Amino acid sequence: MVNGNIGVNLGILLLDTPDSTFELATLGELGRQVEEAGFYRVGVSDHLVASHVRTFDPVVCLAALASSTTRVRVAVQVMVLPLRHPIQVAHAFTSLDMLSNGRIELGVGVGGDWPVEFESMGVDLHRRGERTDEALAVITSLWETQEVNFEGSHFKIKDLRSISRPVQLPHPPIVIGGRSERALLRAARSGNRWDGLFLDSLKFASLKIRLDELTAETQRDVKAGMVIWACVGEPKSSRSKLSVAMEKFYRLPFERFARYAIWGEPETVKERLTEFVEAGASDISIIPVGNLSQQVDALSFLNSEISQEAVRA
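In our numbering, the protein residues as written are 123 to 435.
Treat the hints with care, as some may be off.
[Unchecked claim] With a cut-off of at most 27 Å between alpha-carbon atoms, the simulated DSSO-like pairs for lysine-lysine come out as follows:
(1) Lys392 / Lys358
(2) Lys280 / Lys325
(3) Lys392 / Lys370
(4) Lys370 / Lys358
(5) Lys370 / Lys325
[To be verified] Derived DEER-like restraints, expressed as beta-carbon distance ranges:
(6) Glu369 / Arg154: 25 to 33 Å
(7) Ser415 / His174: 23 to 31 Å
(8) Asp246 / His213: 23 to 31 Å
(9) Ser242 / Arg304: 31 to 39 Å
(10) His174 / Asp334: 32 to 40 Å
(11) Ser415 / Leu247: 23 to 31 Å
In short, the hints are calculated from the structure, not lab data. The model shown is predicted, which means the values in this text are computed figures rather than measured ones. Even for Gly, the Cβ is constructed at its ideal location relative to N, Cα and C.
Work out the full structure: start from the sequences and follow the hints.
Here you go:
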């Protein structure tokens with residue numbers, strides 16, 4: 123059972139997968155449902171090109187969600203940052219933070235799972251990590267000081283100034299996604315939170331310990347969260363839905379992911395999520411599989427049984 127003194131921010135991460143489709147025209151309605159169900163965050167993902175699943179521009183999605191809601195936080199989880207120019211990202215997310223009145227979050231990842239994206243954009247796949255680090259430096263500089271003078275291997279920016287400032291100061295939260303040592307170091311240096319994916323609770327706990335070691339060196343407060351695929355329902359049926367969705371999305375056998383996904387009756391889902399809370403997760407974002415409206419309703423009980431860290435207005 124969940125300790126009532128343990129707080130966790132629960133979110134819904136929307137992916138367009140089999141049985142979990144959504145349309146941009148009705149995305150705002152889905153965002154309002156997530157908000158009314160009591161979740162702390164609603165997120166969308168990011169991929170530029172894909173031949174096997176539908177992908178949407180995250181800035182467009184976030185604008186729809188931000189303009190349709192008033193309380194729930196709105197996030198990209200995560201943007202493939204090396205495929206973007208940092209000035210455009212900083213500008214877009216400043217605008218989104220204004221639109222949402224200070225509810226936006228920028229999740230960042232290095233990508234690489236779909237190499238065709240990098241080939242199509244003319245970006246060196248093997249240098250995506252350093253390109254991401256440079257982009258983060260440019261974005262935070264523009265957000266914090268409204269000016270940029272930067273000389274790097276990938277970006278060279280001289281005497282750039284802007285009078286636009288995000289609502290959240292010094293800037294919207296930056297969330298670093300990944301499982302590698304470099305991702306943890308990036309979070310310790312530049313992030314406000316690190317989000318893991320495809321980890322069991324024991325591995326998550328060990329990586330959080332490592333993150334705490336790194337943040338002790340950088341003297342920064344960085345939270346640790348998890349992104350988890352899940353389906354609530356009859357065990358056999360919910361497992362089948364997850365299998366179809368994840369194999370379609372990743373084009374790999376479900377057995378590669380089964381130990382990291384959660385399915386079954388509500389109590390089973392709660393117990394599995396509690397393992398991560400007890401391992402130190404401040405945030406958990408659930409990728410629901412199945413009819414999204416029904417899954418949001420089915421998962422909403424967690425908001426009363428796993429206490430929220432955030433106090434809503």
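Against the structure, the hints come out as follows:
Using a Cα cut-off of 27 Å, the hinted pair Lys392 and Lys358 holds, with the two alpha carbons roughly 18 Å apart. For a cut-off of 27 Å, the pair hint linking Lys280 to Lys325 is broken: about 43 Å separates their Cα positions. The suggested pairing of Lys392 with Lys370 holds, with an alpha-carbon distance near 26 Å, which does not exceed 27 Å. With a CA separation close to 18 Å, the supplied pair Lys370 and Lys358 stays within the 27 Å bound.
Pair hint Lys370 plus Lys325 holds up; C-alpha atoms about 26 Å apart against a cutoff of 27 Å. A beta carbon spacing of about 31 Å between Glu369 and Arg154 agrees with the range 25 to 33 Å that was offered as a hint. In this structure, Ser415 and His174 meet the distance hint of 23 to 31 Å, their C-beta atoms being roughly 24 Å apart. Between Asp246 and His213 the C-beta distance comes to about 24 Å, which sits within the given range of 23 to 31 Å.
Taking the beta carbon of each, Ser242 and Arg304 are about 24 Å apart, not inside 31 to 39 Å as hinted. About 38 Å separates the C-beta atoms of His174 and Asp334, a value consistent with the hinted range of 32 to 40 Å. Taken as a hint, the range 23 to 31 Å is violated for the pair Ser415 and Leu247, whose Cβ atoms sit roughly 37 Å apart.
Figure legend: structure checked against the earlier numbered hints; hints not met, in rising order: 2, 9 and 11.
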